[in-house]
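Residues per chain are reported as follows:
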Amino acid sequence: MAVNTARVQKLRKRQIDGQSLKRLVEAGMTWLRTNQQIVNALNVFPVPDGDTGTNMSLTLTAAYNEIKDSGEKHLGKMANLVAKGALMGARGNSGVILSQLWRGFARAVQDHETLDAETLVKAFAESRDTAYKGVVRPVEGTILTVSKGIASGTEAGLGSAHDAIDILEIAVKSADESVKQTPELLPVLKQAGVVDSGGKGLFFILEGMLRHVYGESLDTPLISVHALSAMNFENAMQEVEEGQDYEVVVDFFPQGELDLPKFYGQLEEMGTSIQVGEGDGMYRMHIHVPLEKRYEPIDYIMGIGTITKVAMENLLAQMDDIQKSTAKQPLKFATVEPGQIAVVVVSPGTGLSRIFASLGVAAVVAGGQTMNPSTQDILAAFENLPTDKVIILPNNKNIVMAANQAKDVTVKKVAVVPSRTVPQGLAAMLALQPDGEVDAVAEKMTKALSLVKTGEITIATRTVEIDGVSVKDGQVIALLDGKLVVSAGSVDEGCLGFLEKAGAMEYEIITLFYGQDMPHTEANRIADIVRAKYPKQEVEVQEGGQPHYQFIISVE
Amino acid sequence: MGEDTTSLGGIHVSPGAIATIAYHATLESYGVVGLAPKNIADGIVKSITRDPSRGVTVRYNGEDIDIEIHVIVEYGTRINSVAESVGNTVRFHVEKALGLRVNKIDVHVAGLRISNID
Numbered sequence: 001m002a003v004n005t006a007r008v009q010k011l012r013k014r015q016i017d018g019q020s021l022k023r024l025v026e027a028g029m030t031w032l033r034t035n036q037q038i039v040n041a042l043n044v045f046p047v048p049d050g051d052t053g054t055n056m057s058l059t060l061t062a063a064y065n066e067i068k069d070s071g072e073k074h075l076g077k078m079a080n081l082v083a084k085g086a087l088m089g090a091r092g093n094s095g096v097i098l099s100q101l102w103r104g105f106a107r108a109v110q111d112h113e114t115l116d117a118e119t120l121v122k123a124f125a126e127s128r129d130t131a132y133k134g135v136v137r138p139v140e141g142t143i144l145t146v147s148k149g150i151a152s153g154t155e156a157g158l159g160s161a162h163d164a165i166d167i168l169e170i171a172v173k174s175a176d177e178s179v180k181q182t183p184e185l186l187p188v189l190k191q192a193g194v195v196d197s198g199g200k201g202l203f204f205i206l207e208g209m210l211r212h213v214y215g216e217s218l219d220t221p222l223i224s225v226h227a228l229s230a231m232n233f234e235n236a237m238q239e240v241e242e243g244q245d246y247e248v249v250v251d252f253f254p255q256g257e258l259d260l261p262k263f264y265g266q267l268e269e270m271g272t273s274i275q276v277g278e279g280d281g282m283y284r285m286h287i288h289v290p291l292e293k294r295y296e297p298i299d300y301i302m303g304i305g306t307i308t309k310v311a312m313e314n315l316l317a318q319m320d321d322i323q324k325s326t327a328k329q330p331l332k333f334a335t336v337e338p339g340q341i342a343v344v345v346v347s348p349g350t351g352l353s354r355i356f357a358s359l360g361v362a363a364v365v366a367g368g369q370t371m372n373p374s375t376q377d378i379l380a381a382f383e384n385l386p387t388d389k390v391i392i393l394p395n396n397k398n399i400v401m402a403a404n405q406a407k408d409v410t411v412k413k414v415a416v417v418p419s420r421t422v423p424q425g426l427a428a429m430l431a432l433q434p435d436g437e438v439d440a441v442a443e444k445m446t447k448a449l450s451l452v453k454t455g456e457i458t459i460a461t462r463t464v465e466i467d468g469v470s471v472k473d474g475q476v477i478a479l480l481d482g483k484l485v486v487s488a489g490s491v492d493e494g495c496l497g498f499l500e501k502a503g504a505m506e507y508e509i510i511t512l513f514y515g516q517d518m519p520h521t522e523a524n525r526i527a528d529i530v531r532a533k534y535p536k537q538e539v540e541v542q543e544g545g546q547p548h549y550q551f552i553i554s555v556e
Numbered sequence: 001m002g003e004d005t006t007s008l009g010g011i012h013v014s015p016g017a018i019a020t021i022a023y024h025a026t027l028e029s030y031g032v033v034g035l036a037p038k039n040i041a042d043g044i045v046k047s048i049t050r051d052p053s054r055g056v057t058v059r060y061n062g063e064d065i066d067i068e069i070h071v072i073v074e075y076g077t078r079i080n081s082v083a084e085s086v087g088n089t090v091r092f093h094v095e096k097a098l099g100l101r102v103n104k105i106d107v108h109v110a111g112l113r114i115s116n117i118d
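Top to bottom, those sequences are chains A and B. Take the first sequence: its position 422, counted from the start at 1, is 422 in our numbering, and no numbers get skipped. Take the second sequence: its position 72, counted from the start at 1, is 72 in our numbering, and no numbers get skipped.
Nothing false has been slipped in among the hints.
Short, incomplete list of chain B residues facing chain A, as computed with Cβ under 8 Å:
#, residue
1, 27
2, 28
3, 32
4, 74
5, 78
6, 81
7, 82
8, 115
Derived DEER-like restraints, expressed as beta-carbon distance ranges:
#, chain 1, residue 1, chain 2, residue 2, range
9, B, 103, A, 177, 42 to 52 Å
10, A, 520, B, 101, 24 to 34 Å
11, A, 191, B, 103, 24 to 34 Å
12, A, 380, B, 62, 37 to 47 Å
Everything labelled a hint here was simulated from the structure, so no lab data went into it. It should be emphasised that the depicted structure is a prediction, and the values quoted were computed from it without experimental measurement. Using N, Cα and C, we set each Cβ at its ideal position, and we do this for glycine too.
Starting from the given sequences, assemble the full structure and let the hints guide the process.
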């Protein structure tokens, strides 16, 4: 952005009085507020007193509110009002320090009607001194260090400065250098690959003032490109914003010059915590996005350059090991009123049980291919439900028999919908009407079974030839509705082979339920391959948690 | 207190150790210029203590840790915000170092130090 030199010339001729200070404070406040999220993102300590950027911004806003209606011309009196407002509104550690800086500043200028270079240098020194007095054991590498850097930088520059604007320029430069030094002084910053947040906030305040002098805009966020080495997200304990569950990092070479403002603009529509780094022509983009938008940044960047690497991480899992915690969480089953139909399903994995629970089943019996539940297990699941209408979904052809036996030994009115696979069971659940009659509803659910095609991807345990497909022990095989259709060298091939046999092109939704031995990232990678092949179909990935089967696939 | 049993034996953390952590965390908090011995009653603060167990009281009833801190605050800072930061910082450092939950932290502002009169 170009500096408005005519404006700077004009301002240089003017005296800086109380009203000028008011406009400078407003500019500092606006610029800090604009860049508040950048400062917040630098928080290293998860101390629950809020974010540094927010605290500093609120403190300065309180200071500005104190003066915004004041017509005071006297610089010293105006500065006193600022200090008073900052003191009353001080929030959090950084806010208290900021108020102390203003207090020192006000003390230094209290007898001055206008601000000249020398007074401003003194004021920076007094700010530093006052701030340092407020703590027994000053920690270096913080906002305190930055205030020291500003004071010594401006003191050294006083000889060559003509006016207060020159000093402000030096102050901004010194603050910038000092902020960049903070990781060298405070190891925890270096580990996290960030600079000190409070110091950065102070820098933004001064820079906002200078931008006001230059006539530059204050409400467009700073577009920052870091050095690649300064980007280290793994250790930065950033808070995860609600709904922004995925962290996506993309390395890429842009085609031609990267239009940063546009790039940022596009990314801001997708997510938050945006950072961009550059080194040797390669760019690295970091963003937090909601689950359903996790592929958008990748698609977008693919259009403007060549991607070399993509990393995606579920931040919730990162923070809280989501898989463990949700596995332990008791499932919430639908509550059944007397007279309603209760559905009991057999589910081979925790993830699938959770999905069934979300669809409104009343009870789940654990079981599947190699762990068939007994009649007794199934009976126990529904005997105590407060209704006498029950529908059972066995979800496996080997369990249909046990389910039928359970029906015979109970006095309740039971129907078995002969679902042979999990996707069939899910399809049947969608046809459930809890308030209907058992037989009629079971018939509808049975009809729904044929609406879905089921794929099961697993590893062959012996060498065999069935239905014209020859399989070697250890190969990946795919079953379509229980029949062997494909043998393949890899899970990717197996999935694609199955989808082709299932005629997936003619269907709308492909859901991949990944098994307990399949890492989430690997499942996502394979889903991407499927997406590339079936761009018109909606491809979903769900945690199934089933043993033996790498994937259970539903095509509907 | 803070008992933990491993296959090699028990681990016991004394209240004094917790007090030391709290003491250092307090002194690093902005706005605090010292701790005050709590037994000097009625808010008259005679000396600023450097002994890590004075000015900090730790109570442990088998489940919860309660910490009481008596501080001297720099005159001219917003006392409310300073006391809040002390509470947050002490909680963070004690919980990080010990992995034990801190139930309550009471910050008593025992006095102010005036280094500049505006």
